[in-house]
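Enquirer: Sequence:
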Amino acid sequence: MASKSNVLDQPVQPLNDAAGRDEMIRFENVSKIFDSRGERVQALKDVNLSVARGDIFGVVGYSGAGKSTLLRTINGLEIPSTGKVLVDGADIGALNGKQLSAARQNIGMIFQQFNLLLSRNIFQNIAYPLRLAGVSKAETKKRVYELLDFVGLGDKAKAYPEQLSGGQKQRVGIARALANRPAVLICDEATSALDPQTTGEVLDLLKKVNREYGITILLITHEMDVIRKICNKVAVMEGGTVVEHGGVYEVFSDPQAPVTSRFVSSVLDHRPGTEAIEHIRKTHRGQLVQIEVKDEGSSDPFLSRIARKRNVDFNIVYGGVNELQSRVFGSLTVELLGSGPDIELALDDLAQVAEIRKAG
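With the numbering used here applied, the sequence shown covers 24 to 383.
Hints are computed from structural coordinates only; laboratory data are not their basis.
Treat the numbers as computed from the prediction; the structure is a model and nothing was measured.
One thing to keep in mind: the hints can contain errors.
Keeping only pairs whose Cα atoms sit at most 27 Å apart, straight-line, the calculated DSS-like set for lysine-lysine is [stated by the list, open to error]:
no. : residue 1 : residue 2
1   : K179      : K164
2   : K252      : K160
3   : K181      : K164
4   : K252      : K165
5   : K160      : K181
6   : K230      : K252
7   : K231      : K164
8   : K165      : K181
9   : K121      : K160
10  : K160      : K179
11  : K165      : K179
What follows is a set of in silico ranges between Cβ atoms, one per label pair, in the way DEER data are often shown [stated by the list, open to error]:
no. : residue 1 : residue 2 : range
12  : G237      : G269      : 43 to 49 Å
13  : E346      : G269      : 16 to 22 Å
14  : V64       : V344      : 19 to 25 Å
15  : D323      : N144      : 56 to 62 Å
Each residue gets a CB set at the ideal place from its N, CA and C atoms; glycine is no exception.
Go ahead and model the full structure; you've got the sequences and the hints to work with.
Expert: Here it is, written out as C-alpha cells:
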C-alpha cells in the first residue's frame with residue numbers, strides 16, 4: 024500500500040530554470056527614493072547583498088535603517104528606484120503583473136502583527152492563499168491540516184484569531200506563508216510583538232521550517248538576540264546602507280562598524296563602557312588590558328601560563344565568554360599586577376597568542 028503523500032515533502036519550485044543555483048536572493052546596487060511631501064527621502068543606498076540557498080539570513084538595524092524597505096523589494100511590494108533584486112535568478116522588478124503574482128506564490132511572508140483575517144477561522148486563514156492560487160477544495164483541505172499539524176495547532180482549525188495567543192497567531196501566519204510551498208520565507212519583525220519565551224518557540228519553528236523543507240529565510244529585526252539564536256548570516260544596516268555583513272560568528276566576535284558593536288553589546292556585555300572602566304580604575308590599581316578570546320585559542324590556558332612565566336598576578340575584573348554556533352568567543356578585562364618590566368614582558372607574550380588592547 025502506497026504511503027500517503029505529504030505536499031510539504033514535495034520539492035520547492037524555482038521561479039525559473041535555476042534549480043542548481045546556489046544563490047537564492049541577490050541585491051544589485053539597490054537604491055530606493057521616496058517622495059515625501061515634496062522632499063526626496065532615500066531609504067536605500069546602493070545595497071549589494073547575496074543570500075545563499077538554504078540560509079537563515081538576518082538583517083538588523085535600528086528604526087529607519089531601511090531594512091523593511093529592503094525586505095519589501097523581495098516580493099515586489101516596493102520596486103527599487105535603481106538596481107535589481109533577483110530571486111532565484113528572476114529580476115523581480117522586470118516581471119509583469121501575472122509573472123509577479125506567480126513569483127509571490129514562491130515567496131512566503133510573515134508579519135509583526137500577524138495580518139490574520141479576524142472574521143475567518145484559522146482553517147480559512149491558511150486556506151486563503153490556496154484559494155487565490157486556484158487549488159481544489161480537496162487539496163486545500165489536505166494541505167491546511169498538514170500545515171496545522173506542522174506548526175503544532177492541529178486542534179485549532181475552527182478557532183478564530185481572537186481566541187489565540189500571540190504565539191499561536193504567529194504560528195498561523197507561518198502556516199499561511201507555507202501554504203504554496205515557497206522557496207523563500209521573508210519575516211518582517213516576526214517576533215517583536217511576542218514575549219521572550221514565545222519568541223524562542225517561534226524561532227524554533229522557523230529553524231524547523233528551514234531544516235526540514237530547505238526554505239531560505241530572510242528576516243529583519245532590531246533585536247540582535249534573534250540573530251544570535253537563529254541566523255547563520257547577518258547584515259547590519261544604518262542609514263539605508265549595509266555597513267557590515269558576514270557569518271554571524273565573525274560579525275559577533277569581531278564587529279567592525281560602531282553600530283554593529285552597539286548591537287552586539289546589547290546581547291553580549293563583554294566590554295566595559297566608560298562608566299564601568301572609571302569604577303574599575305577606582306578599585307583596581309594594576310595595569311588593565313582587554314583580551315579578546317577566539318575559538319582557536321579558547322582551550323589554551325595562556326593567561327595563567329604567561330602569568331607564571333613572567334611572575335605577575337592577574338585578576339579578571341570584567342567580561343565573559345560565549346558559545347555561538349559551537350564556537351567560542353568573548354572579551355576579558357584583566358588587571359595585571361607586578362613590576363613594570365615583568366608586566367611589559369607579559370603583555371608582549373599575550374600579544375603573540377591573543378588580540379589585546381588597553382582597557383578604556
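Enquirer: Each hint should be assessed against the structure and marked as holding or not.
Expert: Here is how each hint holds up against the structure:
1. The hinted pair formed by K179 and K164 meets the criterion: a straight-line CA distance of about 14 Å does not exceed 27 Å.
2. Restraint check for K252 and K160: the C-alpha separation of about 38 Å exceeds 27 Å, so the hint is violated.
3. For a cut-off of 27 Å, the pair hint linking K181 to K164 stands: about 13 Å separates their Cα positions.
4. As the CA atoms of K252 and K165 are separated by approximately 33 Å, the hinted pair breaks the 27 Å bound.
5. For the hint pairing K160 with K181, the CA-to-CA distance comes to about 17 Å; that is within 27 Å, so the pair holds.
6. Simply put, K230 and K252 have alpha-carbon atoms about 10 Å apart, close enough for the 27 Å limit, and the pair holds.
7. With a C-alpha separation of about 23 Å, the suggested pairing of K231 with K164 holds against the 27 Å cut-off.
8. As the CA atoms of K165 and K181 are separated by approximately 15 Å, the hinted pair is consistent with the 27 Å bound.
9. Taking the CA atoms of K121 and K160, the gap is near 23 Å; set against the 27 Å cutoff, the hint holds.
10. In summary, the hint linking K160 to K179 is supported, as the alpha carbons are separated by about 19 Å, within the 27 Å threshold.
11. Under the criterion of a C-alpha separation no larger than 27 Å, the hint pairing K165 with K179 is consistent with the structure, at around 15 Å.
12. Distance hint check: the CB atoms of G237 and G269 are about 22 Å apart, inconsistent with the given range 43 to 49 Å.
13. In this structure, E346 and G269 meet the distance hint of 16 to 22 Å, their C-beta atoms being roughly 19 Å apart.
14. The hint said 19 to 25 Å for the Cβ distance between V64 and V344, and at roughly 43 Å that hint is violated.
15. The hinted range of 56 to 62 Å is satisfied by D323 and N144, whose Cβ atoms lie roughly 59 Å apart.
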